[in-house]
Amino acid sequence: METKKAIISVKNLVKKYDDFVAVQGLSFEVYEHEIFGLLGPNGAGKTTTLEIIETLRDKTSGEIIVDGFSVDKQPQDIKQIIGVQLQAAGYYPNLNLIELIELFAGLYGANIKPMEMLEKVNLQDKAKAKYKALSGGQKQRFSIATTLINQPKIIFLDEPTTGLDPQARRNLWDLIIEIRNAGTTVVITTHYMDEAEQLCDRVAFVERGQIIALDTPDNLIDKLVSSGFERKKEVKKANLEDVFINLTGQEWRE
Amino acid sequence: MQKDIHERNSNSPSGAGGYSNATATLALAKASFRSIMRSPSAVVFTLAFPLIFILVFGFLGGGGTRIDVGITPGSDVNNPVMGMLAKTGMIRLVKDKSKAEFDKLLEKGNVDAMIDVHKKVNSAAYSVNVVYTSASRDKGGILKSVLNNIFYDKSLKPTVAEIKESTITGREYKTIDFILPGQLGFSLLSTGVFGTAFVFLSLRHTLVIKRFFATPVKRSSIVIGEGIARIGFALIGALFIILIGHFFFGFTLVHGVLTVVNMLILATLGVIVFMGFGFIISGIAKNESMVPPISNIVTLPQFLLSGTFFSIEAFPSWLQPISRALPLTYLNDAMRKVAFEGLGLWDVKFQIMILLLWGIGIYAVAVKVFKWE
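Protein chains in written order, with our numbering: chain L, 32 to 285; chain Z, 6 to 378.
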């Protein structure tokens, strides 16, 4: 992250629902070409924040600039340069993967080869399958493929690994890192701290609609350790997930 | 919230960077059409259902509505009234049975009515007595309108010229000519209502629409794309029904291809109006299981009261105003006039106007209750 140019800047973002304040004064920046993690418990305001940046939801106040475009004035320009994976979103019924990619290509006005998109996420064998018939990991990879159709500068992934088995999760990490390495900025939410630690260049902790910490995972851990924190149990060189992966094999299963 | 987003979407400069709304709309239409073609319920409701009815009615009675009319023993048989009735081709006169036998048949509805014709004393006119049976109200209704069409009143004038003047129709009116437009109308109604309601509700619930909103596509493209697909599907279905009816059951198309084109134009109008019901239902239904009951509230009364199976003239007079308020009545009516009487679209402008009024009303409500998320 030598070039720390902000591609997303959020200032004093506030979102109120009738009598409930979901987001209260969030400010943060996402740098170009990084994987930025929004972490926090359910209901902390992560998804709301993402959806406001994605132009899917209105904000109450605050300022958001995405790659120079304002969410208030240029939402259409923002839609052109972002890819969005929604939590628990489905796809058009009765269509196979190729046809769904074609649909999205039309919606984005993108001229792409559907099969190449599927190859990017290693789903070429499932080209004729329906979305519903995919496994959890395949569904998430397909969702990610749909975010890449318009060659976006930024993609937003909302809890992409929730409910996946360890192999599928690691497989998805590799894919996300690949996408970042190809020059796309990634904003991701997750409940898994090991995932954030491995994947994210920087993370922000969100709690009750506010950011309570923002730094690289390393710095955050160092800070905690230097404050005298110690784990109750001595950390071994491997954990149970390593055992699981070691026993059941690294390779991806369908 | 959704209103705010709507405003933002419509304020934004359209088509930034050469973005084509037409491409997006067509992509959606294509996707939707593929999806409909693979949806069993759409195919069943649009094609299978109407075709089954057409098959059943097409084979029943070899293509003609039959009304069995018993001749009361002692009635005059050789008179113009009987001749006229026999000539309509719809009425089978049943003779040579005793009064007791006829009473039993009447009670069971095996005979639809009894007729008794007598020459009036000191007059050339005939007096006609008709007894209907509650066991066969619908056919009684048809007979009643046939008779009303033949006579000014129940006493026939003796001159043949006058009888001919009041002849109901010159062309042979087959059951299929009545049934097919009704089934076609019903097919359009169910495609428009059920299909639209289900699709938009499920797209909303599965967040497909939300995902679409993350792309530069406009709301109007989503609605129009969906509409194009559904209209296209409905028209293919309509064409299929018309052609099967014509080639297998002798459905009358007075001006051939032109009549078909006119019918398809009416079908388009009909399905657009009916889709409005679907938009409303998708907005008020809370989940998918609520769609069928609400849709049935819309479709069933029209199925029964809009002259799908029986002419609405056969209904009791208190029911007829209800029938005459329903949009399907006018679509069916226009379809029959175009197909069988060979009228042009301008001749059915009244029916078209009523449909348009319904359309305006329905879409005014739809805009209010439709939900995007």
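These are calculated hints, taken from the structure and not from any lab test. The beta carbon of each residue, even a glycine, is placed where N, CA and C say it ideally should be. A portion of the hints provided could be inaccurate.
Which chain L residues face chain Z? A few, computed with CB under 10 Å, are given here [to be verified]:
hint, residue
1, GLN107
2, ASP108
3, GLN111
4, ILE113
5, GLU130
6, GLU147
7, GLU150
8, THR177
9, ASN181
10, PRO197
message: Using the nearest Cβ pair, does GLN111/L come within less than 10 Å of chain Z?
response: It holds, given that the least Cβ distance between GLN111/L and chain Z is near 6 Å, below 10 Å.
field: Given hint THR177/L near chain Z, where the shortest CB pair must fall under 10 Å
entry: With a closest approach of 8 Å, the THR177/L hint holds.
task: Under 10 Å, Cβ to Cβ, is where GLU130/L needs to be relative to chain Z, so tell me if that hint holds or is violated.
output: With Cβ-Cβ at 6 Å, under 10 Å, it holds.
query: Holds or violated: is the Cβ of ASP108/L closer than 10 Å to a Cβ in chain Z?
result: holds, 5 Å
- prompt: Holds or violated: GLU150/L as interface residue toward chain Z, Cβ cutoff 10 Å?
  reply: violated, 21 Å
- prompt: Under the criterion of a CB-CB separation shorter than 10 Å, is GLN107/L in contact with chain Z as hinted?
  reply: holds, 4 Å
- prompt: If you take the shortest Cβ to Cβ gap from ASN181/L to chain Z, is it below 10 Å?
  reply: holds, 8 Å
message: Take the shortest C-beta to C-beta distance between PRO197/L and chain Z; is it under 10 Å?
response: violated, 27 Å
field: Cut-off 10 Å, beta-carbon criterion: hint that GLU147/L touches chain Z
entry: Violated: closest Cβ of chain Z sits about 18 Å from GLU147/L, beyond 10 Å.
field: Hint validity - ILE113/L Cβ closer than 10 Å to any chain Z Cβ
entry: holds, 7 Å
When each numbered hint is compared with the structure, violations occur for hints 6, 7 and 10.
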